[in-house]
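Q: Residues per chain are reported as follows:
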Amino acid sequence: MFNRVLLALSLLSGLLLCYIAVAFVLYHHYKVEPPAVLARAFQGGITYYQEWQRGHISVLGEKEDRGKQQSLSKRLETMINTKRRVQWEVDQTYDGYTLMTYKNHTGIFLIDMKGDIVHSWDVPFKKAFPIADHVHKMVKVVMVVEDAHLYPNGDLLIQYGGLNDTPHGYGVARVDKDGKVIWAHADNNHHDLYIEPEGQGYIYTLSHHIIQDPIPGLEHMDYPSLMDYVVKLDPNTGEEVERVSITEALQKSPYAKYLKLKVEDEEIWDYFHTNSVEKLEPSMAKFFPMFKEGQILVSIRNLDLLIMLEMDTKNVTWATQGSWIRQHSAQFTPEGKIILFDNRGANTANMELSRVLALDPETKKVSVLFPTPSSDVRAFYTKAHGRVQRLPNGNLLVAEGLSVRVWEVAPGGKVVWRYALPPMAGIDAILSATRYTKDYIQFTPNRKGL
Amino acid sequence: MDENAHPTPPDRLGQLALAFSLLASLALLIVGGAAIMHFVFKQPVYGPLQEAFVGGKELYREYMSGNLSMEFTEPDDSDNSEMNKKMQRYMANAKVTWDKEKSFDGYTLLAVRMRTAVYMLDMDGKVVHRWYMPFRKAFPNPEHVHSWVKVQMKITNFHLYPNGDMLIIYSALGDTPYGYGMAKIDKDSNLIWTYPQTAHHDLYVAPNNGEIYALIQYFQRKPTPGLEKLYFPVLMDYIVKLSPEGKELWRISIGEAFVGTPYQSEYLIRKGWDYFHTNTISRLEPEMAKYFPMFKEGQLLISIRNLNALAVIDPDTKKVVWAARGNWKWQHAACFTKNGTIVMFDNKGLQRVGKKGSRVLELNPKTMETRQIYPTKGERFGTRIYGRLHMLPNGNIMIAEGEGLRALEITSGGELVWSYAFAKKRSSVMKISAVMSATRYPKDYITFKPDKLQDKGDMKAAAK
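Heads up: the protein sequence lines correspond to chains A and B, in order.
Its first residue numbered 1, the first sequence is counted upward by one per residue in this note's numbering.
Its first residue numbered 451, the second sequence is counted upward by one per residue in this note's numbering.
Worth flagging that the hints you see were computed from the coordinates, not collected in a lab.
A virtual CB, placed ideally from N, CA and C, is assigned to each residue, including glycine.
One or more of the hints may lead you astray.
Stated by the list, open to error - Which stretches of chain B does chain A cover? Using the computed rule of at least three CB atoms under 8 Å from a CB of chain A, they are:
(1) 658–670
(2) 772–779
Stated by the list, open to error - Cross-link-like lysine to aspartate or glutamate pairs, in silico, EDC-like; alpha carbons within 20 Å at most:
(3) B/LYS779 to A/ASP270
(4) A/LYS260 to B/GLU735
(5) B/LYS779 to A/GLU264
(6) A/LYS383 to B/GLU678
(7) B/LYS779 to A/ASP133
(8) A/LYS364 to B/GLU819
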């Protein structure tokens, strides 16, 4: 009896295997659709195989090659110490220390105006996230630190990213001045960090997740689709306090039409690609009568779109496109303008260069802040990345992404500080540059006395 | 006197030749160096060279994969050919369903992929007439297309005149631009005139004066004002108006029609060489205009597949007056109806995973509400690409199901009243794999005698 059951079972399972095999052949060779579950499994398997063939996947799991990383660190440091080129118009800069993050390296350096290293952190992703269940561990990625924020006591917020993987947001960690991990928020946070300067000091950042099934009313989109969120984190624990879906907020706002744009053919699964987040602080709100304090300005790269998001009502109250293409780093200035880094990215066919723009949100007029004729800069361009910080004296600090350069620009466009690294294998971009004044820093640096 | 004592006259020509050959080798060295930079180090090089290298590489790749040929060949599909005989046998096996009460009586015209023929069927699905015009017969020396590319030729849409004359639109799979032109032929498939431009997809003949509206496409290499956000070269679509004799009267660039309108910033961004892919053109006729107060008569409705958009363009101002996207995707064949609505074939294209099929969708442009006309009960219906529909005079809708290999007639309520289904198994043998267009003309529309009807008459006469 038992044998018969076993026989029946084995026949049945044989039949099942045959069915799956035939379904696969039909799917793969004759493009006949099997049931959705099988189709997904087959597509996933095929993609996995292709990625494996291309060497993007290591079967043993993602391992950071410490030996290689350490030699890279050493080379990066040697390069910063010996090969950097700095031009400095001494009395015209907003003096202080510049915090820089790089592509393909988790090293973060604080440098002085001459370019000497003052302090350094290097917290590998695996150290911040030993478990790392929020990312695909078998994918070989180019590790990046897309943004970092320094606290006066030497604590540092680090925004990790893993290029080659989707979602590429790898999370936020807070470490102390010696690189000891205080907390790590294991979510797909990406691109940008904004820290409230007043009050509780909440952290605003972006998050994204893959949605498998069509959202009602948005069936025209391509699925699986990467959907973006603005999230608010507690600075002491790293816990998520609030989360707003960009998709849902847009859907119920008067700007729902922006959910139906055409994005680049190869990026249809990454409809939004948000890349900067900035809160309108009470002190700034008076310069922007059309906005309310507490609203969040978000830059959406793949739609050339800027939106104002209201966290408590989960609504979009303002949105605009303009003459910019694939912009980054939108933020408010006390002149009542929104400045942004306009990459004109991937637009090489039109031979356009990048620029920093100021947008008047009232009239929608833009003016170019950099490069201007008085900048005397010929080729300013980065296809991706790019970041701008407005300094309190009105100067701009501009990170030129893939061109591995940082510029400080006085109002009018004159270059007053220029920092450039030679192209180096692996580290081919400065992803963020943030200036802090001397008195902001209240810890003893590990490299050079203040 | 010793001749050698004379100073040798300088060999000017030799010096020039030397200088020239030195310069030439320098040029070769530059090109060689640039080639190494391009192919080995993947560095961008001087513009024209870059284009030449990329072009050369592509040409070599296409040549190696057998897509290029110095001789253009088309399969023989003439009346007595083996191919046509097979096709006739194949079509005799097609399944026909017919609700005699509710269907709109007449002759069905059908175009399929891989054939430069149009078939005329009676309500039983029997082929009663055939038009056949190979591309190379219509265009013996085509200068408007890449004549060395091996392509699969098809007729994407057609228009029948009462006397049996017919307009046909050629499209080619395997080349870009894929629009291969328009031709007018008579009932015996003799050529009347051709329009040697890249006409593609669709055509519309104004019932009042016989003027023809069509779509053509060209690569635009440099941005013009307002189009800076597109990436160039871009395949730009144009609407053209032709006189009934096939003379072009004017053309409108669809890209420029958006410039300066409120739709510019939403509709003119982003990359994609086939940015528009306009696939339908029709006109708001005077007798229809009263149902569409927001539009004016004579305005043109187009469907832009790759933007998931419908647009109405005013031919006088050459600007978009209305554009919309909605819960449809990769749509085809938008047309005005007497209900004040726009009916379209919504492919819901390219959704491989969890694919639910296509639908016939009715849009109310005033409220932007949509209603699904067909399928009503989840019938299997769908095609990833292609698909076309025509409104019939009694309100029924004639559908070409594209890769679904069927022609269907439904009522405005979505009831299936006539269908013609090719046998799928043999479609791979016949390689037609898609029904491109299907429409129906009432019997009293035609004033010519179809071939096979004549046969039938002869047979009857013989029987008597």
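Q: Decide, hint by hint, whether the structure agrees.
A: Here is how each hint holds up against the structure:
For the segment 658–670 of chain B, the stated coverage by chain A is not satisfied: 0 residues place a CB nearer than 8 Å to a CB of that chain, which falls below the threshold of 3. Residues of the segment 772–779 of chain B lying with their CB closer than 8 Å to a CB of chain A number 5, which satisfies the three-residue condition for coverage. In summary, the hint linking B/LYS779 to A/ASP270 is supported, as the alpha carbons are separated by about 17 Å, within the 20 Å threshold. For the hint pairing A/LYS260 with B/GLU735, the CA-to-CA distance comes to about 30 Å; that exceeds 20 Å, so the pair is violated.
Straight-line distance between C-alpha atoms of B/LYS779 and A/GLU264 comes to about 16 Å, which keeps the hinted pair within the 20 Å bound. Between A/LYS383 and B/GLU678, the direct Cα distance comes to roughly 16 Å. Compliance with the 20 Å bound is thereby established for this hinted pair. The hinted pair formed by B/LYS779 and A/ASP133 fails the criterion: a straight-line CA distance of about 36 Å is larger than 20 Å. The straight-line distance between the Cα atoms of A/LYS364 and B/GLU819 is roughly 32 Å, outside the 20 Å bound, and the hint therefore fails.
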